[in-house]
Amino acid sequence: MAPDVKDDDGAAQRFRTAALPYLDDVYTLARYLLRDPHDADDAVQECFLRAFRHFATFRGGAIKPWLLAILRNVCRAEYARRHASAFMQSDEDNAAEDCAQGIWQEAAPSPEAETLRHLDAASVQRLIADLPPLFRETLVLREFNDLSYREIAEVIGAPVGTVMSRLARARALLQAAWLAEEKET
Amino acid sequence: MSCDDVLIHALIDGELDAGHARTVEAHIAGCARCTRQVAAYRALRQALPVRELRYAAPASLRARIERTVPVPARTDRRTLLKGFFAGGAVSALAAASVAFVVIRQGRDDVILGEAISAHLRSLQADHLTDVPSTDRHTVKPWFNGRIDLAPPVIDLTGQGFTLVGGRLDFIDGKPAAAIVYRRRVHVINLFVGQGLGVRTRAPRLEVVQGFNVLRWNEGGLDLLAVSDLNRDELEEFGAKFIAAGRGATS
Chain F
0 MAPDVKDDDG AAQRFRTAAL PYLDDVYTLA RYLLRDPHDA DDAVQECFLR
50 AFRHFATFRG GAIKPWLLAI LRNVCRAEYA RRHASAFMQS DEDNAAEDCA
100 QGIWQEAAPS PEAETLRHLD AASVQRLIAD LPPLFRETLV LREFNDLSYR
150 EIAEVIGAPV GTVMSRLARA RALLQAAWLA EEKET
Chain Y
0 MSCDDVLIHA LIDGELDAGH ARTVEAHIAG CARCTRQVAA YRALRQALPV
50 RELRYAAPAS LRARIERTVP VPARTDRRTL LKGFFAGGAV SALAAASVAF
100 VVIRQGRDDV ILGEAISAHL RSLQADHLTD VPSTDRHTVK PWFNGRIDLA
150 PPVIDLTGQG FTLVGGRLDF IDGKPAAAIV YRRRVHVINL FVGQGLGVRT
200 RAPRLEVVQG FNVLRWNEGG LDLLAVSDLN RDELEEFGAK FIAAGRGATS
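Residue numbers (numbering that gives the first Met the number 0), protein chains in the order written: chain F, 0 to 184; chain Y, 0 to 249.
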């Protein structure tokens, strides 16, 4: 880099030190949100570029949720672009949530749920990838990114109560899918 | 308390304070259904091979990011130039006239692209407004203290454009006020900010990534209306907004 931009170099160095350790976290979320390795690559790169560009406006606190929120925005924009109408996407999400809430009320656990058989990682990845988007992202943020409920709320821009109900639904759906998978195999 | 799986998950995740945790545990102890649920969800979490389910970023991606990130922040322009001149070892003086065009174009694209992204983000569930209100006397003061400018908030409901609310957004790294209107099922995001590269008072319409964008400058503020509304109606929106703004002393 040119020597006349020491301050910027300093900022770049600070950004690298702070943000790069979370590259795998960001990449994991991108893989689950976009379900395509190439799109995930692009989204993660765009995320780090944007994050770096806006690093001056980062007000401290935990940087991981901040990065994941940027990644999520990149992915949602990409997703909306892929689907002609962004309205349809949000309607789809709402419908998924409504319908899930319906099932939720009547969901009675089966006793055998306590003994889940082991599934290989690829199968579990597929089960998670098949969850509706809003539940999938909440589950991934919790289980793989290790965020607290409050941090998840920050990332997805929703109240903590919404995070809690989505996470409960996500696990119930995953459990049901897991049991169905066991029966098949 | 009654059976509540949401609280069971919060307990398993260690998200309850001591008092609530005791209450929930006491309930679970006396409830066969919830005891089963707790066991089932603990089993599910244990069965998740978390380590194997995480992805590691490919080395090529890491290298690409490491290459791009150290570029100083204000050199989006430089990156563009570098690509343009393949190496960038060209005398800036000789390239000045060409560079100017490249820079303007690049900045403009960035701003328009971010306005479209902000518009798309706003259409996702729960993102449209921070202050949902059809009353401009509610929306306008909401921006006080949140942003260093007073965005013109104009009620055009009587003219077919319903005010839905306001939102704080970011374009090109700078805060911008988003005033949200609706025309039938179409959302119009009117971004108001400074330094968004608008140079004319007369509104100009462009098509960007399939969206119509109408831009104009008024009293030192840059305004960008973004919508999937057809161009005639978006131009009508701009004309009515400007006429109402110049007529009234809001």
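The set of hints was computed from the structure by calculation and includes no laboratory data. Quick caveat: nothing in here was measured; it's all calculated off a predicted structure. All C-beta atoms, glycine included, are put in the ideal place defined by N, C-alpha and C. Keep in mind that the hints are not guaranteed to be accurate.
Claimed, not checked - Here are the simulated distance ranges between beta carbons:
1. L178/F - A149/Y: 55 to 63 Å
2. T67/Y - F57/F: 13 to 21 Å
3. N229/Y - E180/F: 16 to 24 Å
4. Q193/Y - F57/F: 19 to 27 Å
5. S132/Y - R116/F: 46 to 54 Å
6. E180/F - E65/Y: 51 to 59 Å
7. T67/Y - P36/F: 35 to 43 Å
8. L178/F - Q208/Y: 37 to 45 Å
9. D41/F - T22/Y: 41 to 49 Å
What the hints assert, rightly or not - According to the in silico footprint, chain F covers these stretches of chain Y (three or more CB under 8 Å from chain F):
10. 35 to 44
11. 192 to 206
Hints and how they fare:
1. L178/F - A149/Y: 55 to 63 Å: The hint (55 to 63 Å, Cβ to Cβ) holds, given that L178/F and A149/Y are roughly 58 Å apart.
2. T67/Y - F57/F: 13 to 21 Å: holds (18 Å)
3. N229/Y - E180/F: 16 to 24 Å: The hint (16 to 24 Å, Cβ to Cβ) is violated, given that N229/Y and E180/F are roughly 47 Å apart.
4. Q193/Y - F57/F: 19 to 27 Å: holds (21 Å)
5. S132/Y - R116/F: 46 to 54 Å: holds (53 Å)
6. E180/F - E65/Y: 51 to 59 Å: For E65/Y against E180/F, whose Cβ atoms are near 39 Å apart, the range 51 to 59 Å is violated.
7. T67/Y - P36/F: 35 to 43 Å: For P36/F against T67/Y, whose Cβ atoms are near 19 Å apart, the range 35 to 43 Å is violated.
8. L178/F - Q208/Y: 37 to 45 Å: Holds: the Cβ-Cβ distance is about 43 Å, inside 37 to 45 Å.
9. D41/F - T22/Y: 41 to 49 Å: holds (47 Å)
10. 35 to 44: Holds, because 8 residues of the stretch 35 to 44 of chain Y bring their Cβ atoms closer than 8 Å to Cβ atoms of chain F.
11. 192 to 206: violated (count 0)
Checked against the numbered hints above, the structure breaks hints 3, 6, 7, 11 and satisfies the rest.
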